[in-house]
Amino acid sequence: MPGTLRTVRGDIDPAEMGSTLPHEHVFGAVDMYWDPGEDPRASADPGAGPTLENLWHWRENPCANRGNLHMGDEKDAIDELSVLPGLGVGTLVTLSPIGMGRNAAGLRYVSEVTGVHIVAGSSYYVAASWPGERRSMTEDQMVDEIARDITVGMEGTDVRAGIVGEVGLSWPIDPLEERALAASVRAHRQTGAALSIHNPYYVPGAGTLLEIGRRIADLGADMSRVIMGHCDGFSRDPRFPDVVAELGCYVELDLFGYPSGYEPEVDFVYPSDELRVETILGLIKAGLADRLLLSHDICFKTSRQKFGGNGYGYIHRVIVPWLKRKGADDDVLDQILVRNAQTVLPLAPV
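At position 263 of the sequence shown the residue is numbered 263 (UniProt numbering), and the sequence of numbers has no breaks.
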């Protein structure tokens, strides 16, 4: 129904959302990133988890151990999400794309047990992750699959997705990704669901964000209902606030809690949380707090508390008090953490 939030347990009034984490993963499998190289310590077991003795290796080399790329245990998910209501978090968006371990029935179960409203995504990740049969899909077939997930149900269930995403984009954008992006924009318009983009976070300069945003606008998306994810790296560019203002979309700083380490595969140094906090304060000062969303993008086991990570509560435990000490008041924090999601995520009339 237009104006309602579509969750895995059904549609709800946006007033029930509470604070929202708009870019997370409850379940997922990103085997495309598995790269053990020549490391004799690397594990090929997708069901494995780190131990106290090798946790350093799993965190230092997150893609060397295949088990780190698999989050499929329902009990673990329940344990991790159960802390959220006590922090004021009522809603979480899980953006594992089609074919990457979404587990529709499991999402409903986790939501029922924890009481957290879960919004599931539907789209296609970067082309490097696509199996052979998907590469032959037409744009129309993609539109139909995404729309069916949102209006009927995912994976043969009646558990419905509530957002189009995350739409995976590499750089330069692969022709297969161009097809999926066009299909995702069409599904967004057809269903009234918001659109969430996985941007190539490793490309320097906010000009890349602007170029991608313009492509999405040219495809006919309602930019007021588009969420541009993984903007943490782009925010290093002094032009970032101007790009945000020009695009008129939502921008997401969604790598909170990640180590400020180096990713050699794409020559990218993760920004520090200090830089993210300064970016937030700068956007507030520029009058752009109503364009900003915050999340963690937890997709590795080692990001979860059980395995020594910061977990899904890190923003509310650490970053919110930090922002308050830096002068952000309760109203602007409510805008960023609550009201922005209440505006962008509910279904729009079609």
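Careful, some of the hints might be misleading.
[Claimed, not checked] Derived pair list, reagent style EDC-like, types lysine to aspartate or glutamate, alpha-carbon separation capped at 20 Å:
no., residue 1, residue 2
1, K285, E246
2, K326, E274
3, K285, D267
4, K306, E53
5, K324, E265
These are calculated hints, taken from the structure and not from any lab test.
(message) Could you work out which of the previously given hints the structure breaks and list their numbers from low to high?
(response) 3, 5
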